[in-house]
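Chains as they are written, first to last, in my numbering: chain A, 1 to 386; chain B, 1 to 144.
Simulated from the structure, these hints should not be mistaken for lab results.
Predicted model, so just to flag it, every value in this text is computed and none were measured.
Every residue, glycine too, gets a C-beta built ideally from N, C-alpha and C.
Careful: at least some of the hints might be erroneous.
[Stated by the list, open to error] Facing chain A, according to a computed beta carbon distance under 7 angstroms, are these residues of chain B, among others: (1) 52; (2) 54; (3) 94.
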Amino acid sequence: MSSLFEGVRVVGAGQTVYAKRSPHTVQKLLYDAGSAALSDAGLGWGQVDGLAVTSFALPPDNVATVAEHLGIEARFLFQGLYGGASGIIGMAHAARAIRDGACDVVVVAAADAFDVASHNEMLDRFNGSVREFMSPQGFGGANGIFALHTRLYMERYGATREDFGRFCIALRANALLNPNALFKVPLTMADYLNAKQIADPLRLYDCVLPCVGGDAIVLASERVARTLAGPTLRILASEEIHNFPANDVYSVPGGWVGFADRLYERAGCRPSDLHFAQVYDDYPVMCFIQLEGLGICQKGTAHQFVKSTDITTKGVFPVNTGGGQLSAGQAGAAGGMIGVYEGVTQLMGRAGARQVKCKRGAVSGYGMVAYGRGLSSSAAVLERVD
Amino acid sequence: MSNPTATHVPKPQPRVTEVTRPFWEGANERELMIQRCADPACGKAVFYPRVCCPFCQSPDLTWFKASGMGRIISHTTVFRTHHDGFNGEAPYVFAAVELAEGPCVYAQIPEAPTDERSLIGEPVAVDFIQHGPGRRMPVFRLLN
Chain A
1 MSSLFEGVRV VGAGQTVYAK RSPHTVQKLL YDAGSAALSD AGLGWGQVDG LAVTSFALPP
61 DNVATVAEHL GIEARFLFQG LYGGASGIIG MAHAARAIRD GACDVVVVAA ADAFDVASHN
121 EMLDRFNGSV REFMSPQGFG GANGIFALHT RLYMERYGAT REDFGRFCIA LRANALLNPN
181 ALFKVPLTMA DYLNAKQIAD PLRLYDCVLP CVGGDAIVLA SERVARTLAG PTLRILASEE
241 IHNFPANDVY SVPGGWVGFA DRLYERAGCR PSDLHFAQVY DDYPVMCFIQ LEGLGICQKG
301 TAHQFVKSTD ITTKGVFPVN TGGGQLSAGQ AGAAGGMIGV YEGVTQLMGR AGARQVKCKR
361 GAVSGYGMVA YGRGLSSSAA VLERVD
Chain B
1 MSNPTATHVP KPQPRVTEVT RPFWEGANER ELMIQRCADP ACGKAVFYPR VCCPFCQSPD
61 LTWFKASGMG RIISHTTVFR THHDGFNGEA PYVFAAVELA EGPCVYAQIP EAPTDERSLI
121 GEPVAVDFIQ HGPGRRMPVF RLLN
């Protein structure tokens with residue numbers, strides 16, 4: 001069967017250490033993440049002829065000035081404008097460009113340098129509707145927006161704080177095996193339940209820690225990939241959807257259900273054929289909604305799924321095997337790449353102590369918080385070529 | 001985040017545009033003004049203010065005074081504010097309110113209980129509070 005992204009391979013992945021503070025500029029973080037991914041692939045910057053970059057802190061610079069800064073003559077550029085959905089969207093755009101012969105080697109990277117104050121400041125002026133009809137009203141930032149979704153989810157489906165806690169504790173266990181993760185100590189249920197209140201029902205460990213870091217992958221044409229030593233991956237399918245469903249913030253707070261059937265049809269597999277999921281974990285409730293939207297469990301049952309399924313790297317269906325943003329850290333827009341990095345690293349068999357047995361997995365993104373929800377959802381299915 | 005030195009920080013103010021001005025002028029008159037699609041085949045109520053109907057893309061939107069009645073879709077008690085201008089009043093209840101006319105409006109629910117009890121589905125009515133110099137802001141009050 002000919003695939004959508006015929007002639008395109010994922011050939012490498014790289015990640016910077018995640019840090020609470022760092023003097024590094026976004027350019028330096030993008031460079032470091034990109035260099036790590038190229039080195040993983042056995043390629044160098046001299047072979048790169050395309051860039052897909054996402055970074056909230058990049059303006060007034062942009063992907064073209066990043067190309068200039070790094071000295072890349074580029075035949076393909078993409079700048080992600082969809083927050084945490086951008087990593088996967090950038091990967092798909094880059095793959096199409098390679099498939100269509102526009103370029104041969106694309107570094108897909110995301111990085112940011114954030115702390116809590118600069119994160120709030122950014123969100124306060126994120127877009128027109130937030131700036132005029134949520135922030136002056138006292139929305140409490142992204143925490144407030146997702147507290148509303150969390151409470152509604154709990155009320156609709158009978159999920160409890162303990163259910164979200166189980167999810168966060170499992171991700172922390174995964175993070176402890178990831179040398180780049182910010183959090184280095186286990187999370188207990190008592191820690192989770194009694195943490196500082198942020199925006200009820202959310203407490204501290206439901207919220208990501210804004211930090212500094214970057215993630216990247218490298219895509220290459222099959223022609224280039226053939227010259228490389230390492231394993232390579234295929235993108236079986238990749239989908240994005242925005243503002244779905246239109247004019248309806250609360251019936252389904254995420255677009256995955258809008259494309260899941262098409263994603264699996266195009267990928268030629270079913271959710272039960274996946275060996276892991278790397279979901280966008282800005283808040284545990286959104287992970288539940290992604291697991292449901294991507295058909296990994298039924299609607300309204302993710303809280304039962306995390307009760308009956310071990311989602312750690314030792315479990316039957318590992319989720320966010322590097323700890324995700326909740327336990328590795330949220331480096332701004334890199335939050336949309338951390339799962340892609342992790343998925344690629346796992347499929348290539350380079351995940352070290354946290355390696356899971358896998359050949360095929362799903363990665364998923366979410367971003368662009370606007371009037372009450374994130375507008376952009378994305379997901380892809382990746383598979384190792386044996 | 002009760003920082004006593006921060007209580008005098010002004011709250012973030014809306015940047016009023018040509019599109020949104022009738023809403024804010026209405027609020028100053030203690031009226032909750034929203035839009036309605038003038039296309040008879042659609043006729044849906046619209047909020048936040050748009051340049052066209054987001055249901056049918058008709059350019060013809062008219063402003064009208066909403067009933068001010070609604071129900072709480074979901075809510076949170078904000079402990080950790082996003083802006084120092086709100087530190088003096090935290091913890092406070094912030095909610096998504098579904099207006100009787102249909103659209104969702106975000107607002108504080110002053111005097112609502114800040115414990116963990118659910119207010120989902122509770123009926124509310126609009127009120128207006130002073131938000132800054134020359135600026136009134138809609139809030140909702142629990143009816144029960």
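Each hint tested on the structure:
| no. | hint | in the structure |
| --- | --- | --- |
| 1 | 52 | 12 angstroms, violated |
| 2 | 54 | 5 angstroms, holds |
| 3 | 94 | 5 angstroms, holds |
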